[in-house]
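Asker: Order-wise, the sequence lines are chains A and B. For the first sequence, the working numbering assigns the number 1 to the initial residue and increments by one for each residue that follows. For the second sequence, the working numbering assigns the number 1 to the initial residue and increments by one for each residue that follows.
Honestly, I wouldn't trust all of these hints.
Quick list of the computed label-pair ranges, beta carbon to beta carbon [said to hold, decoys possible]:
#1 B:Pro39 <-> A:Arg182: 22 to 28 Å
#2 B:Arg108 <-> A:Leu124: 49 to 55 Å
#3 A:Leu124 <-> B:Val62: 31 to 37 Å
#4 B:Gln76 <-> A:Asn134: 51 to 57 Å
#5 A:Ile5 <-> B:Leu82: 37 to 43 Å
#6 B:Leu82 <-> A:Phe200: 24 to 30 Å
#7 A:Arg172 <-> B:Arg108: 18 to 24 Å
Quick caveat, the hints were computed from the structure, so don't treat them as lab data. For every residue, glycine included, the Cβ atom is placed at its ideal position computed from N, Cα and C.
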Amino acid sequence: MQGIIDLHHDIVFFMILIIVFVLWMITRTLYHFHYKKNPIPEKIIHGTAIEIAWTVTPSLILVLIAVPSFALLYSLDEVVDPAVTIKAIGHQWYWSYEYSDYSQSDDQSITFDSYMIPDDDLELGQLRLLEVDNRMVVPANTHLRLIITAADVLHSWAVPSLGAKCDAVPGRLNQIPVFIKREGVFYGQCSELCGANHAFMPIVVEAVSLEDYISWVSTKLEEI
Amino acid sequence: MATEETMQHDDEASVPETPTMDEPEAEVDTESVAEERVPIVLSTAKPDPRFPATNQSKACYVWYNEMHKCYAKEGQDADACLRIKKDVRSICPVEWLETWDEAKAEGRWWGKY
Ligand SMILES: [Cu+2]
Chain A
1 MQGIIDLHHD
11 IVFFMILIIV
21 FVLWMITRTL
31 YHFHYKKNPI
41 PEKIIHGTAI
51 EIAWTVTPSL
61 ILVLIAVPSF
71 ALLYSLDEVV
81 DPAVTIKAIG
91 HQWYWSYEYS
101 DYSQSDDQSI
111 TFDSYMIPDD
121 DLELGQLRLL
131 EVDNRMVVPA
141 NTHLRLIITA
151 ADVLHSWAVP
161 SLGAKCDAVP
171 GRLNQIPVFI
181 KREGVFYGQC
191 SELCGANHAF
201 MPIVVEAVSL
211 EDYISWVSTK
221 LEEI
Chain B
1 MATEETMQHD
11 DEASVPETPT
21 MDEPEAEVDT
31 ESVAEERVPI
41 VLSTAKPDPR
51 FPATNQSKAC
61 YVWYNEMHKC
71 YAKEGQDADA
81 CLRIKKDVRS
91 ICPVEWLETW
101 DEAKAEGRWW
111 GKY
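Between the sequences and the hints, there should be enough to build the whole structure, so can you do that?
Answerer: Printed below as a string of structure tokens:
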């Protein structure tokens with residue numbers, strides 16, 4: 001996530017330099033070649049040197065951007081020794097989550113469905129179309145592995161604030177690493193058109209401290 | 001970040017308040033519950049160098065087969081098998097495992113083990 005932010009800032013920095021340069025050129029051109037100042041139009045229509053320069057320079061800039069961009073792209077796939085694995089499964093039209101790291105015996109996983117809270121049931125302060133009944137609770141400052149899949153059609157599990165977006169494909173397990181740097185609640189939505197209620201299957205990630213996570217897990221385990 | 005952290009939850013005092021989570025105020029005898037609690041260990045399947053890609057479907061399938069291979073060799077309760085089983089359960093969706101187990105139970109399983 002930090003990598004995404006850093007790359008964005010770096011690129012925006014150079015983008016601003018380029019914008020300033022381009023705007024400066026445009027303003028200069030408009031000013032110096034105004035018809036009152038410059039009544040006879042220039043007849044030069046071709047200049048090989050300058051054309052090569054303004055073709056090669058932008059390509060070089062693009063290549064320079066591509067280098068860190070690809071490095072980031074591949075580093076985002078890397079799962080570094082996770083402590084928790086959570087499975088997010090897309091259904092028409094809700095997400096369900098499975099935590100299977102903690103149960104000793106067979107057929108005992110923490111599984112729950114996460115439905116959107118309908119408008120009528122919202123409490124003051126809750127976000128319309130974003131709040132769910134059962135949040136996905138995860139520990140903050142911990143390496144997480146998310147396994148994203150779907151049970152029926154394509155969905156996409158996306159939480160912009162975590163820099164996470166991953167297609168949920170039936171019959172396929174997609175793995176993404178997530179590391180949340182602070183406690184908090186993060187919202188997202190299904191991001192692959194999946195049918196009538198595509199807009200009504202939001203995602204809520206609640207990052208809590210490790211202790212709170214442990215006690216949440218134990219409460220959930222007792223419920224089984 | 002340590003991957004294996006054991007949090008003991010034997011005494012009530014160590015159970016932190018969780019104001020953010022809306023747990024129903026259940027009338028549970030907390031002491032008896034606290035005693036039953038098994039320490040929760042934060043650990044999960046290690047990344048498998050054979051499956052470095054985003055797509056982990058094969059990892060799930062291969063581990064599942066390795067688990068049954070281990071069962072055939074060392075028996076259901078061998079430590080090695082239980083470790084594989086934990087990893088399998090970590091990443092395989094419950095639904096997949098149910099389907100496969102069912103196929104096995106009915107003798108429709110296509111694999112060797
Ligand atoms: Cu969807």
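Asker: So which of the earlier hints does this model not fit?
Answerer: Violated hints (numbers, rising): 3, 4 and 6; every other hint is consistent with the structure.
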